[in-house]
Structure formats: C-alpha cells, structure tokens
Amino acid sequence: MQPKPFVKWAGGKRQLVHELLKYSPQEFNNYFEPFFGGGALFFELYSKNKINHAFLNDFNKELITAYKVIKEQPKELIKELSSEKYKADEKTFYKIRENQPVNSIEQTARFIYLNRTAFNGLYRVNSKGQFNVPFGKYKNPKILDKENILAVSEALQKDELTSVDFEKAIEKAKKGDFVYFDPPYQRLEKTASFTKYTINDFTEKDQERLRDCFRKLDKKGCYIMLSNSYTKFILDLYKGYKIHTVMATRLINCKAEKRGKIKEVIITNY
16 MQPKPFVKWA GGKRQLVHEL LKYSPQEFNN YFEPFFGGGA LFFELYSKNK INHAFLNDFN
76 KELITAYKVI KEQPKELIKE LSSEKYKADE KTFYKIRENQ PVNSIEQTAR FIYLNRTAFN
136 GLYRVNSKGQ FNVPFGKYKN PKILDKENIL AVSEALQKDE LTSVDFEKAI EKAKKGDFVY
196 FDPPYQRLEK TASFTKYTIN DFTEKDQERL RDCFRKLDKK GCYIMLSNSY TKFILDLYKG
256 YKIHTVMATR LINCKAEKRG KIKEVIITNY
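Okay, so the sequence shown: first residue is 16 according to the working numbering, each after it adds one.
Don't read these hints as lab results, they were simulated from the structure. Keep in mind that the hints are not guaranteed to be accurate.
[Claimed, not checked] In silico DMTMM-like cross-links for lysine to aspartate or glutamate, where the CA-CA straight-line distance does not exceed 25 Å:
{"hint": "1", "residue 1": "Lys231", "residue 2": "Asp174"}
{"hint": "2", "residue 1": "Lys23", "residue 2": "Glu91"}
{"hint": "3", "residue 1": "Lys110", "residue 2": "Glu99"}
{"hint": "4", "residue 1": "Lys173", "residue 2": "Asp160"}
{"hint": "5", "residue 1": "Lys234", "residue 2": "Asp160"}
{"hint": "6", "residue 1": "Lys247", "residue 2": "Glu219"}
{"hint": "7", "residue 1": "Lys254", "residue 2": "Glu223"}
{"hint": "8", "residue 1": "Lys189", "residue 2": "Glu175"}
{"hint": "9", "residue 1": "Lys102", "residue 2": "Glu91"}
{"hint": "10", "residue 1": "Lys187", "residue 2": "Glu77"}
{"hint": "11", "residue 1": "Lys90", "residue 2": "Asp180"}
{"hint": "12", "residue 1": "Lys187", "residue 2": "Glu175"}
{"hint": "13", "residue 1": "Lys110", "residue 2": "Glu91"}
{"hint": "14", "residue 1": "Lys278", "residue 2": "Glu186"}
{"hint": "15", "residue 1": "Lys235", "residue 2": "Glu169"}
{"hint": "16", "residue 1": "Lys102", "residue 2": "Asp160"}
{"hint": "17", "residue 1": "Lys23", "residue 2": "Asp180"}
{"hint": "18", "residue 1": "Lys76", "residue 2": "Asp233"}
{"hint": "19", "residue 1": "Lys234", "residue 2": "Asp216"}
{"hint": "20", "residue 1": "Lys276", "residue 2": "Glu219"}
{"hint": "21", "residue 1": "Lys65", "residue 2": "Glu87"}
{"hint": "22", "residue 1": "Lys231", "residue 2": "Glu219"}
{"hint": "23", "residue 1": "Lys157", "residue 2": "Glu175"}
{"hint": "24", "residue 1": "Lys187", "residue 2": "Asp221"}
{"hint": "25", "residue 1": "Lys143", "residue 2": "Glu42"}
Produce the complete structure using the sequences and hints provided.
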C-alpha cells in the first residue's frame, strides 16, 4: 500500500503534490524537509523510489512524537486506537481533549483522535500549549487506518526525525541533496490564525531568516524548493530565483467562504 499523510494539517500539500512533483529534481542524494507537517510530498517521492535517506523535521513536538511512535511502535499504536475509549462522539471528544496522556503511545493515539474528530481537522493550541479546537460533528470519521499506519511506519524506517528550529534541521545538507521548505505561509490577512500550529508564531523575520538559509543552501549546491503565499513580500525576498505560480485549494480554514482557490508560489534554485 502507498503511504499517505496520516494527519490533516494546515497548509497540507495533498492538493498540490502533482505540481510539487513537476518542479522537484529528477535525481538527488538525501532529502530534507524542515517543516514536515503531513508529509504529502515525501510520501509521494518515497512511493516513486526517489528517497534514499531523509531528514524530516517539524517544530511541533507532538507531531514528531507521533511519527516516531508510528515508525517504532506501529502495532502498539494500532492496539491503543482500537480501544473502545476512542469513540467519535462529543462527550468522548471533550474527555480525551482534557486528558493528559501517560506515555507516547497514548499521546499519539490522542493526537490522531483529535485530528480526526476536531472541527475542520484543525490543530491549534492556546498560549499554554493546550489543544483548543472544538468537536467537528463528523458522521463517521475514520480514526484508525491500520493499513496506512503500517505503510507510513515502513516508509520512515531509514529516516531521521527531529523537532528543532529549521536552521538546525538543514545543517547536514550537502551538494546534491534536495531540501523542500514548506513553512507557515506569510499571512494574507491578520485573521489567518489557522497557521498557528505551535505556540510560537512564524514572523516576517523568520521568513527573512528562511530566505538566508535558502541562499546558503544554494551556494552549497543543494536543490531547493520552497512553497509560500503569493505576496509582494515573498516575491521580493526571492527575487532572482525561479518563481512558479500555482492555484491551490485551501481545505483547512474556519470560515467556509475562505476555503477556495488561492494563488501560491513554488520557488526553486534550479
């Protein structure tokens, strides 16, 4: 079975994956993804036998813990998620949302359960780092996808998983490696708070720091691809590189009228 993202994620790339493949290098050495999220491009490249060794990172520690559990203890996780306590009703949702898991398997089961049952598949935390999205009222959400958990586990076996700052995540990148940056996008409006998937916001200074990383990797001889919003700020930051415009469907947004086609950029140095 071909692995696919096991979480819905703000900025997830499943809708754009064929565009991303089109602009990806045909051959490369190691693969780096410092903002891993749902991992749609990684799983697609893996299925096409393009991945030798990958360095996968995300600043969201709970997400990376989930990947590590799926990689190392998939059967134990499947057993936990098969339990009667993960029913998809409102009362159970709020009970699980308030619970503090006692180990990484329970933490990952809770993470997947909330991701499947929360409103719009959002992952959002408050200033204390507590998950604060309401119940989604889905008719029959698929909480346990056993086959996909096993497929994702298989895909991750040779890879390194970290939860550090993006600059640290690309330190090992060398000439001929492929680095894909999919950062929290520059906001199109002040209310685009669904990008808040960790306690720390991603600021314009972070976007500039990311551009500096892009330049350093370019000088090293890496293949670099980056996704972001189509804004003057981003276009100016990456002036001189190849900028491809694509239309993306935004599936995660609290306001239904904001879910639609939106212009984005895919930027490459090749």
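Results for each hint:
| no. | hint | result |
| --- | --- | --- |
| 1 | Lys231 x Asp174 | holds (24 Å) |
| 2 | Lys23 x Glu91 | holds (22 Å) |
| 3 | Lys110 x Glu99 | holds (13 Å) |
| 4 | Lys173 x Asp160 | holds (22 Å) |
| 5 | Lys234 x Asp160 | violated (42 Å) |
| 6 | Lys247 x Glu219 | holds (12 Å) |
| 7 | Lys254 x Glu223 | holds (13 Å) |
| 8 | Lys189 x Glu175 | holds (16 Å) |
| 9 | Lys102 x Glu91 | holds (18 Å) |
| 10 | Lys187 x Glu77 | holds (23 Å) |
| 11 | Lys90 x Asp180 | violated (30 Å) |
| 12 | Lys187 x Glu175 | holds (12 Å) |
| 13 | Lys110 x Glu91 | holds (22 Å) |
| 14 | Lys278 x Glu186 | violated (31 Å) |
| 15 | Lys235 x Glu169 | violated (31 Å) |
| 16 | Lys102 x Asp160 | holds (14 Å) |
| 17 | Lys23 x Asp180 | holds (22 Å) |
| 18 | Lys76 x Asp233 | violated (28 Å) |
| 19 | Lys234 x Asp216 | violated (28 Å) |
| 20 | Lys276 x Glu219 | holds (24 Å) |
| 21 | Lys65 x Glu87 | holds (22 Å) |
| 22 | Lys231 x Glu219 | holds (19 Å) |
| 23 | Lys157 x Glu175 | violated (28 Å) |
| 24 | Lys187 x Asp221 | holds (20 Å) |
| 25 | Lys143 x Glu42 | violated (43 Å) |
Going through the hint list in order, the structure does not satisfy hints 5, 11, 14, 15, 18, 19, 23 and 25.
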